[in-house]
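Take a look at the letters that make up each chain.
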Amino acid sequence: DQQVKQNSPSLSVQEGRISILNCDYTNSMFDYFLWYKKYPAEGPTFLISISSIKDKNEDGRFTVFLNKSAKHLSLHIVPSQPGDSAVYFCAAKFSGAQKLVFGQGTRLTINP
Amino acid sequence: DTEVTQTPKHLVMGMTNKKSLKCEQHMGHRAMYWYKQKAKKPPELMFVYSYEKLSINESVPSRFSPECPNSSLLNLHLHALQPEDSALYLCASSQAQGNTIYFGEGSWLTVV
Chain H
234 DQQVKQNSPS
244 LSVQEGRISI
254 LNCDYTNSMF
264 DYFLWYKKYP
274 AEGPTFLISI
284 SSIKDKNEDG
294 RFTVFLNKSA
304 KHLSLHIVPS
314 QPGDSAVYFC
324 AAKFSGAQKL
334 VFGQGTRLTI
344 NP
Chain V
1091 DTEVTQTPKH
1101 LVMGMTNKKS
1111 LKCEQHMGHR
1121 AMYWYKQKAK
1131 KPPELMFVYS
1141 YEKLSINESV
1151 PSRFSPECPN
1161 SSLLNLHLHA
1171 LQPEDSALYL
1181 CASSQAQGNT
1191 IYFGEGSWLT
1201 VV
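Those protein sequences? They're chains H and V, same order as listed.
Just add 233 to wherever you are in the first sequence, counting from 1, and you've got my numbering.
Just add 1090 to wherever you are in the second sequence, counting from 1, and you've got my numbering.
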């Protein structure tokens, strides 16, 4: 039973445009969500997070939106840059719990 | 730059060998984690230490033995591994009740 789903295995975006990565979850008790970026042969790098009490969090070029009623979150990257090419993992957890539940990842490719 | 440091970066070991992976963090975090990641899959939780005590063991085979000598160090002792144990092993840390988990760059393990 996959509680966190990233339905798009890959996404290709032109440099300078907006990248939108999507994530759905099934457990309404999740109350904290994170996005990680992963280059090959490296560990995941924390990008941005959002608590369930918010519907938007912004950090520079990265914005995460949370729609609790739809159990959906998205990561917007604008403008997209070649260095953004990586695999992006969505993860969810119960606040205060130690276990992250990851999605399967989306490979983002930024084309020049 | 990650503040979770893992050594070695690469390790090749035979099925009868005993080896260890090491992890260090200097962020004052009191929770430390071992994850395993296979190609094209999300990270899978193996163990969690909280205040130097093992708090979560995700039914990991006994050929993997974690150790937390102090609040900054985490080891993973490996013995009699199988080729299917070849993977990227990720160490991570967080505040004890914190929501954001920070990963190291990982140790690539190949079992021959």
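Hints in this document: simulated from the structure, not taken from any laboratory.
All values derive from a computational prediction rather than experimental measurement.
From the three backbone atoms N, C-alpha and C, an ideal C-beta is built for every residue, glycine too.
Worth double-checking, as some hints may not be accurate.
DSS-like, lysine-lysine: derived pairs with alpha carbons at most 30 Å apart [unchecked claim]: (1) H:326 x H:287; (2) V:1128 x H:304; (3) H:332 x V:1099; (4) V:1112 x H:332; (5) H:304 x V:1130; (6) H:301 x V:1130; (7) H:238 x V:1109; (8) H:326 x V:1128; (9) H:289 x V:1109; (10) H:238 x V:1131; (11) V:1108 x H:332; (12) H:301 x H:238; (13) V:1112 x H:304; (14) V:1109 x H:301; (15) V:1109 x H:304; (16) V:1143 x H:332; (17) V:1108 x V:1143; (18) V:1128 x H:332; (19) V:1099 x V:1131; (20) V:1131 x H:289; (21) V:1112 x H:326; (22) H:238 x H:332; (23) H:238 x H:304; (24) H:326 x V:1099; (25) V:1131 x H:301; (26) V:1130 x H:332; (27) V:1130 x H:238; (28) H:326 x V:1108; (29) H:238 x V:1108; (30) H:326 x V:1143.
Listed next, with one range per pair, are the computed distances between beta-carbon atoms [to be verified]: (31) V:1118 x H:290: 41 to 51 Å; (32) H:307 x V:1108: 41 to 51 Å; (33) V:1173 x H:328: 33 to 43 Å; (34) H:302 x V:1162: 17 to 27 Å; (35) H:302 x V:1188: 46 to 56 Å.
These are the hints, each one checked on the structure:
At roughly 15 Å between alpha-carbon atoms, residue 326 of chain H and residue 287 of chain H fall within 30 Å of each other, so this suggested pair holds. For the given pair, residue 1128 of chain V sits about 27 Å from residue 304 of chain H by alpha-carbon distance, which is consistent with the 30 Å threshold. With a C-alpha separation of about 25 Å, the suggested pair residue 332 of chain H and residue 1099 of chain V falls inside the 30 Å cut-off, and the hint holds. For a cut-off of 30 Å, the pair hint linking residue 1112 of chain V to residue 332 of chain H stands: about 21 Å separates their Cα positions.
For the given pair, residue 304 of chain H sits about 24 Å from residue 1130 of chain V by alpha-carbon distance, which is consistent with the 30 Å threshold. Our distance criterion of 30 Å between C-alpha atoms is met by residue 301 of chain H and residue 1130 of chain V, whose separation comes to about 28 Å. For the proposed pair residue 238 of chain H and residue 1109 of chain V, the alpha carbon gap of about 35 Å is over 30 Å, so the pair is violated. Our distance criterion of 30 Å between C-alpha atoms is met by residue 326 of chain H and residue 1128 of chain V, whose separation comes to about 21 Å.
With a CA separation close to 45 Å, the supplied pair residue 289 of chain H and residue 1109 of chain V exceeds the 30 Å bound. Simply put, residue 238 of chain H and residue 1131 of chain V have alpha-carbon atoms about 12 Å apart, close enough for the 30 Å limit, and the pair holds. As the CA atoms of residue 1108 of chain V and residue 332 of chain H are separated by approximately 28 Å, the hinted pair is consistent with the 30 Å bound. For a cut-off of 30 Å, the pair hint linking residue 301 of chain H to residue 238 of chain H stands: about 15 Å separates their Cα positions.
At roughly 38 Å between alpha-carbon atoms, residue 1112 of chain V and residue 304 of chain H are farther apart than 30 Å, so this suggested pair is violated. Restraint check: the Cα-Cα separation between residue 1109 of chain V and residue 301 of chain H comes to about 45 Å, which exceeds 30 Å; the hinted pair is violated. With a C-alpha separation of about 43 Å, the suggested pairing of residue 1109 of chain V with residue 304 of chain H is violated against the 30 Å cut-off. The hinted pair formed by residue 1143 of chain V and residue 332 of chain H meets the criterion: a straight-line CA distance of about 16 Å does not exceed 30 Å.
Restraint check for residue 1108 of chain V and residue 1143 of chain V: the C-alpha separation of about 23 Å stays at or below 30 Å, so the hint holds. With a C-alpha separation of about 18 Å, the suggested pairing of residue 1128 of chain V with residue 332 of chain H holds against the 30 Å cut-off. This hinted pair checks out: residue 1099 of chain V and residue 1131 of chain V have alpha carbons roughly 20 Å apart, not beyond 30 Å. A C-alpha spacing of about 28 Å is found between residue 1131 of chain V and residue 289 of chain H, which places the hinted pair at or below 30 Å, so the restraint holds.
As the CA atoms of residue 1112 of chain V and residue 326 of chain H are separated by approximately 26 Å, the hinted pair is consistent with the 30 Å bound. Pair hint residue 238 of chain H plus residue 332 of chain H holds up; C-alpha atoms about 16 Å apart against a cutoff of 30 Å. Pair hint residue 238 of chain H plus residue 304 of chain H holds up; C-alpha atoms about 11 Å apart against a cutoff of 30 Å. Only pairs whose Cα atoms come within 30 Å are accepted, and residue 326 of chain H paired with residue 1099 of chain V is accepted, the gap being roughly 28 Å.
With a CA separation close to 26 Å, the supplied pair residue 1131 of chain V and residue 301 of chain H stays within the 30 Å bound. With a CA separation close to 20 Å, the supplied pair residue 1130 of chain V and residue 332 of chain H stays within the 30 Å bound. Our distance criterion of 30 Å between C-alpha atoms is met by residue 1130 of chain V and residue 238 of chain H, whose separation comes to about 14 Å. Annotation: proposed proximity of residue 326 of chain H to residue 1108 of chain V is violated, straight-line Cα distance about 34 Å (limit 30 Å).
Restraint check: the Cα-Cα separation between residue 238 of chain H and residue 1108 of chain V comes to about 37 Å, which exceeds 30 Å; the hinted pair is violated. Simply put, residue 326 of chain H and residue 1143 of chain V have alpha-carbon atoms about 21 Å apart, close enough for the 30 Å limit, and the pair holds. The hinted window of 41 to 51 Å between residue 1118 of chain V and residue 290 of chain H is violated, with their beta carbons roughly 24 Å apart. The hint said 41 to 51 Å for the Cβ distance between residue 307 of chain H and residue 1108 of chain V, and at roughly 46 Å that hint holds.
Our hint of 33 to 43 Å for residue 1173 of chain V and residue 328 of chain H holds, since their Cβ atoms are close to 39 Å apart. In this structure the supplied range 17 to 27 Å is violated for residue 302 of chain H paired with residue 1162 of chain V, their Cβ-Cβ distance being about 42 Å. For the pair residue 302 of chain H and residue 1188 of chain V, the supplied restraint of 46 to 56 Å is violated, since their beta-carbon distance comes to about 27 Å.
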